[in-house]
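Novice: Spelled out, the chains give:
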Amino acid sequence: MFLVNRVAILAVVLFAVVVIGFAITRSTGTPLYASLGVAVSEEIIQQRAEEMGLNDPIVVQFWTYFTALARGDLGSSRISYIPVAEDIALKLPATAEMVFFTLVFSFVWAIPLGVRAGLRPEGKLAKLGEGMAQFGVSVPAFWLGLLFVFLLYFLPQRIPEPLGPLPSLFPPPLGRLGGATPPDMVTGFYTVDALLAGDIRLAWQSLWHLILPALTLSLTSGPPLFRVTRSAVSEALSSPFVEAAYSYGLGRRTVLIRDVLRNASPPVLNLAAMTFGYLIGGGVLVEVVFSWPGIGSYAVWAMNNSDYDAVLGVVIVAAVIYVILYFIVDLIQFAMDPRLRD
Amino acid sequence: MPVGTEGVSINSDTANETLLSLSGVEVTINTISGPVHPLQGVDLDVFPGETVGLVGESGSGKSMTLRSILRLMPPGGAITGGAVKWLGNSVLNLDADELQSYRGSQVAMIYQNPVSALDPMLSVERQIVDAFKANRENSDGVAEEYARDVLRDLEFGNPDVILKRYPHQLSGGMAQRVNIALALACGPSLILADEPTTGLDMTTQIRVLDLLERQVSARNAALLFISHDLRAVSRVARNIGIMYAGQVVEFGPRERILTNPSHPYARALLECMNLRTGERPRSIPGLVPQMTEEYNLCAFRNRCSSRMAVCDEQPLPVHNLGERHRLLCHLGPGHD
Numbered sequence: 004m005f006l007v008n009r010v011a012i013l014a015v016v017l018f019a020v021v022v023i024g025f026a027i028t029r030s031t032g033t034p035l036y037a038s039l040g041v042a043v044s045e046e047i048i049q050q051r052a053e054e055m056g057l058n059d060p061i062v063v064q065f066w067t068y069f070t071a072l073a074r075g076d077l078g079s080s081r082i083s084y085i086p087v088a089e090d091i092a093l094k095l096p097a098t099a100e101m102v103f104f105t106l107v108f109s110f111v112w113a114i115p116l117g118v119r120a121g122l123r124p125e126g127k128l129a130k131l132g133e134g135m136a137q138f139g140v141s142v143p144a145f146w147l148g149l150l151f152v153f154l155l156y157f158l159p160q161r162i163p164e165p166l167g168p169l170p171s172l173f174p175p176p177l178g179r180l181g182g183a184t185p186p187d188m189v190t191g192f193y194t195v196d197a198l199l200a201g202d203i204r205l206a207w208q209s210l211w212h213l214i215l216p217a218l219t220l221s222l223t224s225g226p227p228l229f230r231v232t233r234s235a236v237s238e239a240l241s242s243p244f245v246e247a248a249y250s251y252g253l254g255r256r257t258v259l260i261r262d263v264l265r266n267a268s269p270p271v272l273n274l275a276a277m278t279f280g281y282l283i284g285g286g287v288l289v290e291v292v293f294s295w296p297g298i299g300s301y302a303v304w305a306m307n308n309s310d311y312d313a314v315l316g317v318v319i320v321a322a323v324i325y326v327i328l329y330f331i332v333d334l335i336q337f338a339m340d341p342r343l344r345d
Numbered sequence: 003m004p005v006g007t008e009g010v011s012i013n014s015d016t017a018n019e020t021l022l023s024l025s026g027v028e029v030t031i032n033t034i035s036g037p038v039h040p041l042q043g044v045d046l047d048v049f050p051g052e053t054v055g056l057v058g059e060s061g062s063g064k065s066m067t068l069r070s071i072l073r074l075m076p077p078g079g080a081i082t083g084g085a086v087k088w089l090g091n092s093v094l095n096l097d098a099d100e101l102q103s104y105r106g107s108q109v110a111m112i113y114q115n116p117v118s119a120l121d122p123m124l125s126v127e128r129q130i131v132d133a134f135k136a137n138r139e140n141s142d143g144v145a146e147e148y149a150r151d152v153l154r155d156l157e158f159g160n161p162d163v164i165l166k167r168y169p170h171q172l173s174g175g176m177a178q179r180v181n182i183a184l185a186l187a188c189g190p191s192l193i194l195a196d197e198p199t200t201g202l203d204m205t206t207q208i209r210v211l212d213l214l215e216r217q218v219s220a221r222n223a224a225l226l227f228i229s230h231d232l233r234a235v236s237r238v239a240r241n242i243g244i245m246y247a248g249q250v251v252e253f254g255p256r257e258r259i260l261t262n263p264s265h266p267y268a269r270a271l272l273e274c275m276n277l278r279t280g281e282r283p284r285s286i287p288g289l290v291p292q293m294t295e296e297y298n299l300c301a302f303r304n305r306c307s308s309r310m311a312v313c314d315e316q317p318l319p320v321h322n323l324g325e326r327h328r329l330l331c332h333l334g335p336g337h338d
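Residue numbers (the numbering used here), protein chains in the order written: chain A, 4 to 345; chain B, 3 to 338.
No lab work stands behind these hints, which were simulated from the structure alone. One or more hints might be untrue.
Said to hold, decoys possible - Residues from chain A that keep clear of chain B, each with C-beta distances beyond 12 Å, as calculated:
(1) Leu17
(2) Val107
(3) Tyr329
To be verified - To spell it out: a stretch of chain B is covered by chain A in this simulated footprint if at least three of its residues, at any positions, have a beta carbon under 8 Å from a beta carbon of chain A; those stretches are:
(4) 72-85
(5) 129-138
Note that the structure is a prediction, hence the values are computed from the model and not measured. Glycine included, every Cβ here is placed at the ideal spot set by N, Cα and C.
Construct the entire structure; sequences and hints are all you get.
Specialist: The following block contains the structure:
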């Protein structure tokens with residue numbers, strides 16, 4: 004029942020996203036000028052508008068779009084004529100890979116520190132975590148990215164002679180590989196594809212390129228994860244059933260894993276899914292700083308040109324990713340929490 | 003004897019040995035708004051196999067007394083004075099491992115709110131099995147069998163169904179019987195019960211109380227039962243202590259405490275609860291003392307109808323009146 008309910012809600016959400024996205028793109032500009040330039044006659048513009056179907060009633064336009072969408076057709080760019088699905092298939096994996104490693108980093112620092120801070124609110128690690136969280140929320144991601152580039156790439160290069168130019172510790176911020184030939188596309192994750200192709204050097208190189216953007220995003224998007232983990236753990240820790248578990252002579256480690264972490268995990272999982280979904284579209288400034296050919300940059304380009312189908316395509320794909328992630332989280336919680344199964 | 007119990011053997015030698023002894027126990031909790039002193043010198047003895055009840059208003063330190071026995075302190079709380087002794091050994095000196103094996107297998111606790119004392123994510127079976135295994139060696143294979151037996155002891159008609167259930171699928175009375183099963187599964191010599199029936203309706207209360215009493219005595223374990231309800235306590239306990247402001251102000255056999263208490267607070271409490279007269283229950287005038295203060299003099303004197311000059315001048319004397327009857331009051335025995 005819970006799952007049926009969730010699926011229904013998610014379907015409604017997706018439909019609402021399509022309708023609202025459609026309404027907003029249509030009401031905020033036209034792709035005509037980006038596609039034709041401004042130095043064309045009114046006649047040609049009218050002719051083009053007719054071709055694109057822009058003179059049809061808005062309901063007809065929506066129906067045309069929606070029926071195509073129902074067939075899985077996201078349309079084509081009105082400017083480059085490349086199918087939107089093709090562009091997205093190329094750019095989404097770049098962003099997804101970056102966001103995936105962002106979450107990996109966040110799981111390495113924000114969640115363990117959050118657990119520790121929940122268990123020992125006065126401890127040194129709790130203060131370290133809170134310090135990192137304060138820093139992460141107050142610093143803009145693009146600025147932090149620039150700072151990393153400056154400190155780790157630009158500065159080492161300018162260390163004067165005797166010492167000589169040290170080999171740069173981090174690769175220059177030139178996209179996903181810095182000039183190497185990408186591996187054959189299987190998953191679109193360069194690290195995975197390179198491994199599949201048996202090229203460990205290339206996998207290492209793409210991983211190396213991922214570190215700075217992912218670290219930047221992790222520091223700026225991790226603080227909520229840290230705080231939610233801390234409060235969830237601290238709340239679980241003060242529950243009567245945790246005290247009861249201790250009173251039965253269960254060990255600290257057992258109680259921590261069996262009771263505290265299990266009961267603290269739902270809000271953390273939820274937020275992790277939300278963070279992933281948010282970063283798919285929200286990491287655009289970091290994509291720009293690191294010349295990352297991701298979907299965020301693509302969306303900004305499409306919006307600047309009022310490229311209807313491209314913008315909507317990104318919005319819908321991002322929404323679908325959200326919905327799928329939430330559904331996975333729901334499934335995990337359904338498996339974990341008996342209260343949801345009734 | 004039920005399966006898997008390791009009750010204390012009661013013979014003439016050990017029967018006189020104190021199982022648990024609290025003397026002058028003080029607890030301080032540091033809160034944001036300053037220190038609180040919920041226990042200000044608790045004295046209490048429990049002998050093997052006996053039932054002891056503690057009565058007092060909320061805030062009198064009943065629950066904290068039980069927690070100090072298990073050394074389960076709330077955040078910022080610590081036992082700051084006195085001694086807790088188990089079979090003559092100091093509980094306050096136990097290291098983490100010793101404390102873990104003392105909890106459960108020696109002393110187990112039943113909690114006030116039965117549903118929230120169970121982990122909502124785990125099945126009844128998992129919780130009983132884990133409690134059982136934590137306190138016994140070589141328990142593989144027998145734990146599931148034990149879980150079924152202990153539920154049967156607690157009058158669950160269909161234990162196999164209950165074992166598969168989760169806490170939210172249990173009624174309050176069922177959840178409390180599961181909590182009792184958990185405490186029994188640890189095989190303790192002393193069971194602490196923290197207002198175990200407060201949240202239940204009247205008929206369920208009596209049933210759970212009787213069941214608790216029967217199962218504890220079937221295992222030769224002792225029971226320390228606290229409640230604000232003197233009737234519930236007098237139903238179960240052979241010896242009764244009256245708590246006020248973090249101290250046990252009077253302790254004695256049930257008959258003495260119920261028929262002829264010496265402490266003015268005990269008398270007032272009894273009068274409040276005496277419903278046989280058909281009168282509207284009365285309340286004790288004055289306010290419950292603030293536990294942010296430490297009381298060197300009697301904490302009840304501002305509400306006391308027998309207040310004397312000495313009450314404002316000297317700390318409370320201890321009167322031992324025989325038969326474990328003990329009194330903290332300037333009035334002493336034999337007044338009125």
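Novice: Hint by hint, say whether it matches the structure.
Specialist: Cross-check of the supplied hints:
1. Every C-beta of chain B lies more than 12 Å from that of leucine 17 of chain A, the closest at about 31 Å, which supports listing it as non-interface.
2. With 12 Å as the threshold on Cβ separation, the claim that valine 107 of chain A sits away from chain B holds: the shortest Cβ distance comes to roughly 26 Å.
3. Every C-beta of chain B lies more than 12 Å from that of tyrosine 329 of chain A, the closest at about 21 Å, which supports listing it as non-interface.
4. Only residues whose beta carbon comes within less than 8 Å of a beta carbon in chain A count, and the stretch 72-85 of chain B has 3; three or more means the coverage holds.
5. Given a C-beta distance limit of less than 8 Å, the hint that chain A covers the stretch 129-138 of chain B holds, as 4 residues qualify and 3 suffice.
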